[in-house]
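Starting from the known structure of chain W, arrange chain U on it as the hints suggest.
The lines below spell out each chain.
There are 2 protein chains.
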Amino acid sequence: MALIVQKYGGTSVGSIERIQAVAERVKRWRDRGHQLVVVVSAMSGETDRLIKLAKQIQPRPDPRELDVLLSTGEQVTIALVSMALTALGCPARSYTGAQVHILTDNVHNKARIRDIDAARVRADLDAGRVVVVAGFQGVNEQGDITTLGRGGSDTSAVAIAAALKADECQIYTDVDGVYTTDPRVEPRARKLDRITFEEMLEMASLGSKVLQIRSVEFAGKYRVPLRVLSSFDEGEGTLITFEDNDVEDAKISGIAFNRDEAKLTILGVPDQPGVAYQILGPIAEANIEVDMIIQNVAPDGKTTDFTFTVHRNDYPQSLEILRKTAHNLGAREVTGDDNIVKISLVGVGMRSHAGIASRMFAALAKEGINIRMISTSEIKISVVVDEKYLELGVRALHAAFGLDRLSS
Amino acid sequence: MALIVQKYGGTSVGSIERIQAVAERVKRWRDRGHQLVVVVSAMSGETDRLIKLAKQIQPRPDPRELDVLLSTGEQVTIALVSMALTALGCPARSYTGAQVHILTDNVHNKARIRDIDAARVRADLDAGRVVVVAGFQGVNEQGDITTLGRGGSDTSAVAIAAALKADECQIYTDVDGVYTTDPRVEPRARKLDRITFEEMLEMASLGSKVLQIRSVEFAGKYRVPLRVLSSFDEGEGTLITFEDNDVEDAKISGIAFNRDEAKLTILGVPDQPGVAYQILGPIAEANIEVDMIIQNVAPDGKTTDFTFTVHRNDYPQSLEILRKTAHNLGAREVTGDDNIVKISLVGVGMRSHAGIASRMFAALAKEGINIRMISTSEIKISVVVDEKYLELGVRALHAAFGLDRLSS
Numbered sequence: 001m002a003l004i005v006q007k008y009g010g011t012s013v014g015s016i017e018r019i020q021a022v023a024e025r026v027k028r029w030r031d032r033g034h035q036l037v038v039v040v041s042a043m044s045g046e047t048d049r050l051i052k053l054a055k056q057i058q059p060r061p062d063p064r065e066l067d068v069l070l071s072t073g074e075q076v077t078i079a080l081v082s083m084a085l086t087a088l089g090c091p092a093r094s095y096t097g098a099q100v101h102i103l104t105d106n107v108h109n110k111a112r113i114r115d116i117d118a119a120r121v122r123a124d125l126d127a128g129r130v131v132v133v134a135g136f137q138g139v140n141e142q143g144d145i146t147t148l149g150r151g152g153s154d155t156s157a158v159a160i161a162a163a164l165k166a167d168e169c170q171i172y173t174d175v176d177g178v179y180t181t182d183p184r185v186e187p188r189a190r191k192l193d194r195i196t197f198e199e200m201l202e203m204a205s206l207g208s209k210v211l212q213i214r215s216v217e218f219a220g221k222y223r224v225p226l227r228v229l230s231s232f233d234e235g236e237g238t239l240i241t242f243e244d245n246d247v248e249d250a251k252i253s254g255i256a257f258n259r260d261e262a263k264l265t266i267l268g269v270p271d272q273p274g275v276a277y278q279i280l281g282p283i284a285e286a287n288i289e290v291d292m293i294i295q296n297v298a299p300d301g302k303t304t305d306f307t308f309t310v311h312r313n314d315y316p317q318s319l320e321i322l323r324k325t326a327h328n329l330g331a332r333e334v335t336g337d338d339n340i341v342k343i344s345l346v347g348v349g350m351r352s353h354a355g356i357a358s359r360m361f362a363a364l365a366k367e368g369i370n371i372r373m374i375s376t377s378e379i380k381i382s383v384v385v386d387e388k389y390l391e392l393g394v395r396a397l398h399a400a401f402g403l404d405r406l407s408s
Numbered sequence: 001m002a003l004i005v006q007k008y009g010g011t012s013v014g015s016i017e018r019i020q021a022v023a024e025r026v027k028r029w030r031d032r033g034h035q036l037v038v039v040v041s042a043m044s045g046e047t048d049r050l051i052k053l054a055k056q057i058q059p060r061p062d063p064r065e066l067d068v069l070l071s072t073g074e075q076v077t078i079a080l081v082s083m084a085l086t087a088l089g090c091p092a093r094s095y096t097g098a099q100v101h102i103l104t105d106n107v108h109n110k111a112r113i114r115d116i117d118a119a120r121v122r123a124d125l126d127a128g129r130v131v132v133v134a135g136f137q138g139v140n141e142q143g144d145i146t147t148l149g150r151g152g153s154d155t156s157a158v159a160i161a162a163a164l165k166a167d168e169c170q171i172y173t174d175v176d177g178v179y180t181t182d183p184r185v186e187p188r189a190r191k192l193d194r195i196t197f198e199e200m201l202e203m204a205s206l207g208s209k210v211l212q213i214r215s216v217e218f219a220g221k222y223r224v225p226l227r228v229l230s231s232f233d234e235g236e237g238t239l240i241t242f243e244d245n246d247v248e249d250a251k252i253s254g255i256a257f258n259r260d261e262a263k264l265t266i267l268g269v270p271d272q273p274g275v276a277y278q279i280l281g282p283i284a285e286a287n288i289e290v291d292m293i294i295q296n297v298a299p300d301g302k303t304t305d306f307t308f309t310v311h312r313n314d315y316p317q318s319l320e321i322l323r324k325t326a327h328n329l330g331a332r333e334v335t336g337d338d339n340i341v342k343i344s345l346v347g348v349g350m351r352s353h354a355g356i357a358s359r360m361f362a363a364l365a366k367e368g369i370n371i372r373m374i375s376t377s378e379i380k381i382s383v384v385v386d387e388k389y390l391e392l393g394v395r396a397l398h399a400a401f402g403l404d405r406l407s408s
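Going down the list, the sequences are from chains W and U. Under the UniProt record's numbering, residues 1 to 408 are what the first sequence spells out, in order. Under the UniProt record's numbering, residues 1 to 408 are what the second sequence spells out, in order.
Note that these hints are calculated values from the structure, not bench results. Accuracy of the hints is not assured; some may be wrong.
[Said to hold, decoys possible] One side of the interface only, derived from the structure: several residues of chain W facing chain U at Cβ under 10 Å:
| no. | residue |
| --- | --- |
| 1 | LEU53 |
| 2 | ALA54 |
| 3 | ILE57 |
| 4 | ASP62 |
| 5 | GLU65 |
| 6 | VAL76 |
| 7 | ALA79 |
| 8 | VAL81 |
| 9 | THR86 |
| 10 | THR96 |
| 11 | ALA98 |
| 12 | GLN99 |
| 13 | LEU103 |
| 14 | VAL132 |
| 15 | ILE145 |
| 16 | GLN278 |
All residues carry an ideal CB built from backbone N, CA and C; glycine is no exception.
Only chain W is shown next, with the shape it has when bound in the complex:
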């Protein structure tokens, strides 16, 4: 008997029929003798409907009240999923984030989970019930409802799995696993049976939409075995594993990319200690996440040029903040570009194989693709290129690294 946490996203619970299909799947797992916790998102379209209501009243809805509003989306789903389970003769009980004390910080709309009180869930499991928990939401120390931001339901599931020391956390989605790259861009993309946590972390953070990055971080930190599967087909999906050795022997596991990038550059900043903090501090205070960061000494040797990337939605606000900072620091100029994308090669094999970077740059050069920024880590090489080269770049790299062939 295993304790399994399953997470179903908005599409998987998008209609009464789909909710009933989820209940049947959960029941099959339970009939095999497992204990089940089910974490669900709002029915697809519901969150957008609620946001639209709010925006009719306030173009920028009050963050605290927006969380009160949006959290109703998952609350509807947990009740319906519990009813569907009960209707199948499978005892079930639903809980909101607040009810199982998914304690978060105070950042409304983008809260982070701090703690979970698993006692109530455990009592229900021991009593033979399936426990259905609202994803995406929690409660702060003042008892106010918080939400984790889009995609937060994955994080909820992993956090609950960690708190319960579950045997596996299964993320059901509309794809049947993790692919070498997005099949919509490269039809030859191939499903991976396994991928390491580090690789998945890079893939997720780079815009592969299968899993939300914080959920992967959480899973890695608390060593929760994570599996991505389809909620529409049967199949083993992709297991996210802790061991490098077991992994297929490919140097590169996949190619991730991110369309929603924008870059900002501040030129001619007087070079002095603490300048990076002075530039990025105000950005962080505005709760904007910075991705790539590059700093170079300018040709004059006395000033420095500083470039970073942010999510495209945060571009206008970042530009505004950076212009103020430039003024305060006496920098020469601020430039920016939101017509860029990032493409990354990811693979643990990269560690022990030289020459990956040069092969990557050669493949891109051959297609005449100009590289704007480069950033590397132990298991990843990322390049920023003009938006128009995204598909061409991904396909060129997919072919150059033989990802369409099984390596075994």
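Just chain U now, kept in the frame of chain W:
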């Protein structure tokens, strides 16, 4: 400066425009220096939409999960009303029933309020905020969400007013006050400026839909001044008062009626101590409310006939229970009728004026209306008649007691 609790029903918050109108009204009261607590229902149609979703899954939805589902209706409204207030520059904060600890018993879908922790609300009021609370819902001792049943938002408002010792509890609705009878049945019906609590209690319990009965009981018990007003027009509405003396000098304040009645009779029950309890006990255990009760010794002197009325929705279940009871008690027969209505004369003046009952029976007899049951209290006389006589009976009594004329 007064502390005022205002309650707005589903129609009053039925669209974004109406929510904005509510916010403007609340702001006007606050601008006059008052402290405001606003209790709201789900947007009209929302509760029905949610029930429909649930019934697609379970014809009789699990009561606990139904409460989880339905409570989202008011949660959406509190967020939107708070946003609308904030948009008008009026600081506001929303709370679910659980968040302000509206503690109830465990009867899902029909819970009763036991206690309210007003500390959180008071802290916000003292900080100058309008507090927006979800009506209709609470939380039991286990932390499960409960709902009070249809119309429960009125009770929430009064309970909050009582806990805060508010100066007035205003119930905004789609009528502009309490009438001598339903104007849809008798167009000559007249709005009352004041009515006593006892009279209102009888009017409400007899099916005048303006206020939910439990809210009036609560208001009477905790001496909360209650006012019914229109959320669409200006006007003073009807004040529900504690003093008899001030009341208009009419013997009769109004005529209430209830279409949703059914009566059940158990015939030939062996007459022995405890028989009433044996008959009504199982009905009460099924959470069915019994209204009129009549017991007569049968002509044989050894058995008794026992008649009572219930809500028409509870008729099939009541009949089933009563048949079992009849079998156990060795009673002769069970009969029933769900084509009946109840019409009642209500007025504190009745206490000191003889002859009201005979005038009532005479007025009905003149129209050829057969009376099936009679029940009286200090300030009320109720008769049960065939459903087809409802309108005729109400109009005959309205005229006979001169309710279309101002008595002053």
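Hint by hint, here is what the structure shows:
1. LEU53: Since the shortest Cβ distance to chain U is 6 Å, the answer is holds.
2. ALA54: It holds, given that the least Cβ distance between ALA54/W and chain U is near 6 Å, below 10 Å.
3. ILE57: Holds, about 5 Å.
4. ASP62: holds (5 Å)
5. GLU65: holds (5 Å)
6. VAL76: With a minimum Cβ separation of about 5 Å from chain U (threshold 10 Å), the hint on VAL76/W holds.
7. ALA79: holds (4 Å)
8. VAL81: Given a least distance of 9 Å, the restraint on VAL81/W holds.
9. THR86: holds (5 Å)
10. THR96: Constraint on THR96/W satisfied, holds at 8 Å.
11. ALA98: holds (7 Å)
12. GLN99: holds (6 Å)
13. LEU103: Because about 15 Å separates LEU103/W from the closest Cβ in chain U, which is outside the 10 Å limit, the hint is violated.
14. VAL132: holds (9 Å)
15. ILE145: Hint on ILE145/W: holds, closest Cβ of chain U at ~8 Å, below 10 Å.
16. GLN278: With Cβ-Cβ at 34 Å, over 10 Å, it is violated.
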